[in-house]
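Given only the sequences and the hints, what does the whole structure look like? Please build it.
Chains as they are written, first to last, in our numbering: chain U, 3 to 323; chain Z, 212 to 362; chain Y, 586 to 1221.
These aren't lab readings, by the way, just hints derived from the structure by calculation.
All figures in this text were calculated on a predicted structure; none of them were measured in a lab.
Just to be clear, a hint being listed does not mean it is correct.
Said to hold, decoys possible - In silico lysine-lysine, DSSO-like type, Cα no more than 27 Å apart, as pairs:
1. Z:Lys-358 - U:Lys-239
2. Z:Lys-215 - U:Lys-239
3. Z:Lys-283 - Z:Lys-313
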Amino acid sequence: MTIIFTIIKSIFYSLVFPGLLFTAAAGLLLAGIDRKVIARMQKRIGPPIRQPLFDFLKLMGKETIVPRRANRLVFLGAPVVNLISLALIMLFIPVLGFTAFSGSADLIVILYLITISGVALIVGGSSSGSPYAGIGISREMVTMMSYELPFVMILLAVAKKAGGAAGMTFSMDAITAFQRANGSFLFTWSMIPAAIAFLLVIPAEVGMQPFDVAEAETEICEGPLIEYSGAALGLFKLGTAMKMLIMTGLFTALFLGGVSTGMIGLDIILFVIICIVLTVLCMTTVHAVTARLKIEHLFKFFWTFVAGLALVSLVLVWCGL
Amino acid sequence: MAGKITQLMDESAAKSPWLYHINTGSCNGCDIELVACLTPRYDAERFGFKLAGSPRHADIVVVSGPVTSQSKERLIRTLAQVPEPKCVVSIGSCPRSGNVFKGSYSVEGPLEKYVHVDVSVAGCTPKPEAIMEGLYRAAQILTEKRKAMHK
Amino acid sequence: MIQHFPVLAVMLLFLAAFQVEIFGSKNAQVRNSITFAATTISLLMILALIKPVMIDGQIISYWMGNWSPVGGYAIGIGYEVDALSLFFALLVSATFWLSAVYSFGYMEKDHHLGHYYTLFLMLSASVLGLTLTGDIFNMFVMIEVMTFASVALTAFRNNNEGALEAAFKYLVIGSMGSSFTLTGIALLYGKCHTLNMAQLSSILSGDLSGSTMMALGLIIAGFGIKSYIVPFHTPAADAYTAAPTSISMVFSGMVNKAGVYGMIRVAYIIFRAMDKSALQTILVLFGAVTMFVGVTMALTQHEFKRLLAFHSISQIGYVITAVSLGSALGLTGGLFHAMNHTLFKGLLFLTAGAVLTKTGTTNLDKLGGLSKKMPVTTVCFLVGAGAISGLPPFNGFASKWIMYQAMYTKAVESHNFLYAVVVITALVVSVMTLASFIKVTQAVFFGQLRPEYEDVTEVSMSMKIPMVTMAVLCVFCGVFYNLINRVFLYPASSAALNCVNYIDRMMGEGYAENAGVANIETAPVEFSYWNPIVWLVLFGIIFCAVAIVILKGFADRGPILESNSSTDAKYDTFFSGEQELFSQVGGSDLFWGFKKNWGGYYRIMGALHSGIVTDYTTMAVIGTAIIVLALFVFMR
Chain U
3 MTIIFTIIKS IFYSLVFPGL LFTAAAGLLL AGIDRKVIAR MQKRIGPPIR
53 QPLFDFLKLM GKETIVPRRA NRLVFLGAPV VNLISLALIM LFIPVLGFTA
103 FSGSADLIVI LYLITISGVA LIVGGSSSGS PYAGIGISRE MVTMMSYELP
153 FVMILLAVAK KAGGAAGMTF SMDAITAFQR ANGSFLFTWS MIPAAIAFLL
203 VIPAEVGMQP FDVAEAETEI CEGPLIEYSG AALGLFKLGT AMKMLIMTGL
253 FTALFLGGVS TGMIGLDIIL FVIICIVLTV LCMTTVHAVT ARLKIEHLFK
303 FFWTFVAGLA LVSLVLVWCG L
Chain Z
212 MAGKITQLMD ESAAKSPWLY HINTGSCNGC DIELVACLTP RYDAERFGFK
262 LAGSPRHADI VVVSGPVTSQ SKERLIRTLA QVPEPKCVVS IGSCPRSGNV
312 FKGSYSVEGP LEKYVHVDVS VAGCTPKPEA IMEGLYRAAQ ILTEKRKAMH
362 K
Chain Y
586 MIQHFPVLAV MLLFLAAFQV EIFGSKNAQV RNSITFAATT ISLLMILALI
636 KPVMIDGQII SYWMGNWSPV GGYAIGIGYE VDALSLFFAL LVSATFWLSA
686 VYSFGYMEKD HHLGHYYTLF LMLSASVLGL TLTGDIFNMF VMIEVMTFAS
736 VALTAFRNNN EGALEAAFKY LVIGSMGSSF TLTGIALLYG KCHTLNMAQL
786 SSILSGDLSG STMMALGLII AGFGIKSYIV PFHTPAADAY TAAPTSISMV
836 FSGMVNKAGV YGMIRVAYII FRAMDKSALQ TILVLFGAVT MFVGVTMALT
886 QHEFKRLLAF HSISQIGYVI TAVSLGSALG LTGGLFHAMN HTLFKGLLFL
936 TAGAVLTKTG TTNLDKLGGL SKKMPVTTVC FLVGAGAISG LPPFNGFASK
986 WIMYQAMYTK AVESHNFLYA VVVITALVVS VMTLASFIKV TQAVFFGQLR
1036 PEYEDVTEVS MSMKIPMVTM AVLCVFCGVF YNLINRVFLY PASSAALNCV
1086 NYIDRMMGEG YAENAGVANI ETAPVEFSYW NPIVWLVLFG IIFCAVAIVI
1136 LKGFADRGPI LESNSSTDAK YDTFFSGEQE LFSQVGGSDL FWGFKKNWGG
1186 YYRIMGALHS GIVTDYTTMA VIGTAIIVLA LFVFMR
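Right, dumping it as structure tokens:
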């Protein structure tokens, strides 16, 4: 009986909440709000908030062309792997008070699953055989290398801080529990540099301006996505939207872990609201006021400024502050 | 359920048309006016219009300029790469008639000779309002084409 | 019966080495059968030892000629197989078996194959002997056989440019390693009057006076040269590139593991010095530098096999770092990674060999688009690349995870910020590894197909079998790592930490206790935190859901179109309207932005990797000096 219950529960968790369906719906909502807000910032009316959903449905209705040079299996498999790895990450990110699954070292799994979604994009683009995609994947990879260093430092700082005085933990549950007991990390002064660094990592991870060098549509025709059309492209676009939710959700879990109302319904609403605020703060605003960087500037920015901020936090945490 | 999704897909074809712009020897006047549609004053994005970087992503191909002999082959090749359902919109008088370039040794227009044009916006150059209306009509045609695809 | 297996497995290979030359120098059938029979029987003998040694926890000892100890002193050569030895012996025997099978197809067009198989079997026998022996001088003899067989095999295709040069470099640096080891052994012999490792361990009893410290430094440097840690890595890149691919696989799969094994054996069991934090820090630093230098050099390579060679260096850096932490968790992670490295690096070398046989080149600038022509090779390569970059659910992820956990636990426990930097390095190196494999993926398998490779076909069955076997093992070890841990890693790591049984078995009951050696009891390391099966089930559920939604829910979705006609412009790749052209993005130059940022670093690295043997020798001497000096300064 319990086994059947567990199975039903895992299927529900992985497909509906907080898995595929919730992530997709909330991600599309975030993407829609992002487009609406940026339009309002530029004094435009902007598309309706449902616009990303229309985009996705339209793409599902279009032809999917597999170019002659592409390897069919890899070309069509990449978007699906991308989507699934993103849906999997969400299972391990606590939605304020609620966690679907938890292990004792989620941080590294999450780190690598985010990498998998990037690799899916890269391998898919690479398999299309377009030289534009070749340049795109090189930029995507350098972007990944750029944000990985600060990202790793932030995760280590959080792991050390949440482990208490003489320990460390990679477990999401323990991190949330620690914050519930001792106050959120966002309001702990030694963690503030890390929080700022994380806010700067988010747009690079999602591929938003000014860090969208990989998909620069005006110079390299959307880079790795150039040969994708129809449903495959739709899945990638959905993946990008989901990534917005995942990255902001991860920030919420790592730095606002203690927040919870105690009621699951309210928690979900509050979680989505926090994600929206973070999206507007670190993606929309930055997008609206900046132009695209060059790849070497991006690398330098992340390995000096952002990594420096993260290092400050790591050292402070190491000194027991 | 499936029917409902199909209906939604058909409707969204009109609600999210992505543009791909090809210049076939235009004087750049129409191109500027097309971009003007995306500015805050006209804001074509409120209808879901968006400039796409690759023909594979496009729904509406916007063609400006008389078709020159240099660009003819490239135009046809690029149009072939756009997945169905797709619409071709010509902007300005040049693709319709050749305009002032008519009779030049290097002009091989009009555009209709090579491809079926769904919407043609006339004018040298057409106003952004006119372009907007043309694009909007093209979006409606997309839904029709989408419906025809699954029948 | 079973106690004869270790020595028989080694002797059989040595015997077969000469039989191949006598009977098989003209006839390929005879040659291949002898090689196959010898390697298979040897592998089976080693596999038969799993039950008693790994599961029942026995230690098998064997005195050559039955010269058992007289008056408490070991006088004969003893073979002693504990779980640590057997763990490495398994890696070695699996590697040479797969390599032998691969060689039958891969080498068939070469000449003088009698010599090849003789040397190959000598190499296999020596590395196997090295892992199984209980006598430190016998270990040195095996190192010598190994070095000279390796040198000769490096130069085997001596009609290729650079083969002789690579062999010469290998010879010089390798001999230095052997002589350092020999000097260290001589010092130990002078001090302890015995060469048996079990007896050495109990006599030394953790004593670190001047002469033993010197011996420790020299032996570690000697084995460091054999496992190519920075700054001794320089001949490795040339040797791996010049050698036939089946041999490159052997180099990375077992020859440098022999060095790692030697280091563990010497530092943990003979000297029992790994609980000293100074030694840990020194070796961890060497490991961290090794992984970083290896991967950054790999990023700029233009040659497939050379790139893999630098990755071997980098991955050995991970192993050394984890093993040197001195904790049970670190040892488990390190040994697991050593095992995984054998699997995925072997796999990658085999795919490189497959590409080389079919296209005649491994230059990344001259390849491209082979994925449609060689689908099995491509999938195997992607599995290998995913595993080496540590992507779940492959084996690289499981072992890297354990290592990160071990490193960061160590950092927090010792409150040493240096270890935190090492963790950051390890994580960033992992991404860089991924980057350089993306480069290979783009340059060799994806991207555009070169016109000259239009009629390339998939490789033969004999080459496919080892590749697919290894790819399956990569996934298996990643998913069922708890099983691997229970059967192999826990016995091996506790064998490294506890040497009482090892000494007693060899020298007689109670010997260790008299000498004052005590066990360090360790609880089995259990990993409940990463459960790949749950993840795979979840992956499967979501995959099914996505598939059903796409197929049924979007019943009227747009069709998926594919065409192979070469004229239809619809299926052309988009070239801004131009006709489809060959314009491959040079795979080797994929990361120019990154290289530009790192210009200063690469200039220094370029100057260090000058290709001049005297420079390399100087670097090796300086490296040894640093190890010895650091030991003398910090261990006191």
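Comparing the hints with the structure gives:
Our distance criterion of 27 Å between C-alpha atoms is met by Z:Lys-358 and U:Lys-239, whose separation comes to about 23 Å. At roughly 22 Å between alpha-carbon atoms, Z:Lys-215 and U:Lys-239 fall within 27 Å of each other, so this suggested pair holds. Only pairs whose Cα atoms come within 27 Å are accepted, and Z:Lys-283 paired with Z:Lys-313 is accepted, the gap being roughly 15 Å.
Violated hints are absent here; each numbered hint is respected by the structure.
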